[in-house]
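Relying on the hints, combine the two individually framed chains into one complex.
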Amino acid sequence: MTTALVLLLLAAGAYLVAVLEAWTASGRFRLAAPVVAGIALLGRESIVPRKPDRIFFEVAPVLLLLSALLAAAVVPLTPDLIITDLATGALFINAALVYVLVALLMAGWGPNGAYAMIGGWRFLGQLIAYAMLIVMPITAVVMRAESLLTTQIVASQASLWNIIYQPLGFVLFFVAAMALAFLPPFDLPTAKGELAGGVEAEYGGVRLAVFRLGRLALIITLAAATVVFYLGGWQGPWLPPWAWSAIKILAVTATMLLAGHAMPRIREADLLGWCWKLGIPLALLNIFIVGILVLALP
Amino acid sequence: MSAQAFFIGFFGLASVWFGVVVFRTHSMMRSALALLFSQTALGALFLSMQAEFLGVLQIMMMATEMSIMAIFMVMFMMDPGGLGEMDMTHQKRLSLAAGFVAFAAAVAAAVFVDWGPVASVAPDAAQQTHDLGVELLGRSMLIFETAGITILTAMIAATAVAMPPVKRIRNK
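For the protein sequence lines, the chains are A and B, in the order given.
Under our numbering, the first residue of the first sequence carries the number 145, and numbering increases by one thereafter.
Under our numbering, the first residue of the second sequence carries the number 9, and numbering increases by one thereafter.
Bound conformation, chain B alone (with noise of 0.2 Å):
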């Protein structure tokens, strides 16, 4: 077994297990790092895989997304330490059955599709970064324009319903 088949699924396991821990926990704010440390091993798994910027990338934006999602679990939910040792999970038997079904069709979709011819050697990263580059500004840029603008207008709107209303005093 090659060291790169190795960290892959090192890598892969921990994402899971803490993505386990995600549900076992009962306290919000591991809960909430715990998805974390799963993204950043996921992110990991790519820098094994030799795709850099794209590991690095995705244990960059984990870090602040969980971050800020920590702090919305601990100030909306009614037990935020885990005191209460709350339950983090329910409906547990549609949950196990959809989680089931899902794992595989995953499996199944990553077995039985054609992938076409794999890529022998992986292009060296700083190659990697320019080709992202110009695909990013090329064809896919429709795609990420689109998706850009319509995560601005939705965190305006955001924005204005979450301001409380303004009193208009009239004259009378």
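Chain A on its own, in the form it takes in the complex (with noise of 0.2 Å):
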């Protein structure tokens, strides 16, 4: 029960980003749109590219919607609104969106075409970048908790929200996460106008429309996520939980969508630089700054 409605909200959620992300695109706000655009994508051919890897072309789009959908379970929307409260459910967010690495990387080499090639190659580059900016934030986050458990993680930041606590950690895990969503400025993989859509290139129809949807629903679960670590979780004043969650995360994703739509992509490797010459540092400065934090107030 506790399953399928989790999975409805995520549906729900996918869906608003959807209008989200055509809203910051274009000006237009139509909530019609997503319907529109899955029925025309199931209406249309799903092209197989010649001498692809098969495997690894019909398995990529399905893998990156599991992988979201995996990291979903472990994400709490209300005290009892979590498909399973896993001992180390923070872990296990990173191990099951490690996989959308996996996915782009099958999505790249399958079709067998120079732009998605590229475009799979380029993202194992930015998981290089981003990667540490995802775990060290996290790692933070756990010491304030002293738990793995994502319900006790919200439960730590009761008297205090983790944005306030460790401000450094909140700004680098947003950037990071933005980064494994593929959002703009961080689009490498898939970079319209520049790769023609790369990893998603060859792919239409269906398969497109899977893919589409597990990056929306990829999307949703970093916002989720986002809010359990740094923003209080189903915490707030006033309305019941679920309504603090709905709300927190619907603002959480649409900062994404417009902080990025005004900046240009950034360079493979201005990122990398960026990510390792100061991120790192400052992700073990907000490591140590918290320590302190913990030991100092009880």
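Derived by calculation from the structure, the hints in this document are not laboratory data.
Any given hint could be a false lead.
Unchecked claim - Among chain B residues calculated to face chain A with C-beta under 10 Å, some are: (1) M57; (2) M69; (3) A71; (4) F84; (5) M85; (6) M86; (7) D87; (8) S103; (9) A134; (10) Q135; (11) T137.
Just so you know, these numbers come straight off a predicted model, no measurement behind them.
Yeah, the Cβ is synthetic: ideal placement off N, Cα and C, and Gly gets one too.
Take a look at the structure:
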């Protein structure tokens, strides 16, 4: 029952993300646009390119969707609305989302196309850049909660949200989450205009629909994870817990989509340079500061 | 047969099967990702043995490691797509013999070693994570720190070797 409800909410969330994404990209707010686009995609032919690696080509969109769904399974929307409250929840989110990389590598290699392959390998470089900035801020969050349970992480923010307790970690995690979801300005693997869609270039029809759905689920899952780690999860006055979760998740999603909208696409080497020379020292500093705070403030 | 025994057997066999696929395919990419799924199946095996932290860690770490290995295999092998149907095996008799000896040794170790009393009930997952943390910061700290420093040194050395030598311009 809980699983079905969470999946339903995730689908609704993915739909709203699609509306928001179209709104930030084109400036027009149209509630029916994703339905129209979805029907159009399902109606089109799903072409299989010449000499593909058929297994990778077919598996990639499904794996992308699956990894986002698995990560969503450990994200609590209310104290009870969580599919499975794993004792290693905060680590499990990482483990599931790493398979986004595997899916994109498959989508890059599978179709036997140059643009797709460049897009796929680019995302590997992108992972080398953002991976530490996902893991190290989560480490600091876990240090404060003294638990990997995601519900415990939300409970630890009852007095003060982590966005105020460790703002540095929030900024790093937020940027890294955008890079993980390959949102602009980190849309290197798809890179419309430059790679003609990159990993999406050779997909069409129902396969592309699944791929895009997976990407939307990924965005909403990452926004939900940001809310759980930094914005106090379901906590808030007056409104019921589910309403707070929904409001916060949509606000984070909208911020993610708007933040990158006006920025030029970052270059691969620059991304690596910024992440390793600036991001990782800052993440270590964040862990150090949180360590002192945890010891100093009982 | 309990569900746990079934899943342990299932993931064990899946791991071995993907391990075989590594050498049966001609494509470097398939080979690398088959190795990844072999390791992922091992992670799932840990999960079904109620070692949650180990399992999740295995599933997470291997995905990045094998993906990075994949790009190196594609870069350095002469036929990454496997269109020329390159054989992934060599020295077959020696490999077969070595494989059988190693398998026999592993089975012998599993059967004949006195493992002491076997825990009938595993502690719950949160307790395991806690105990692992205490262990890492206690008795095992020196081992892990030594390994960490060694790997870091190797990484710095490898980067230094890979960098092109700087040409010094002398003023004449």
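Now the hints, each set against the structure:
no.	hint	in the structure
1	M57	14 Å, violated
2	M69	9 Å, holds
3	A71	4 Å, holds
4	F84	14 Å, violated
5	M85	14 Å, violated
6	M86	17 Å, violated
7	D87	14 Å, violated
8	S103	26 Å, violated
9	A134	4 Å, holds
10	Q135	8 Å, holds
11	T137	6 Å, holds
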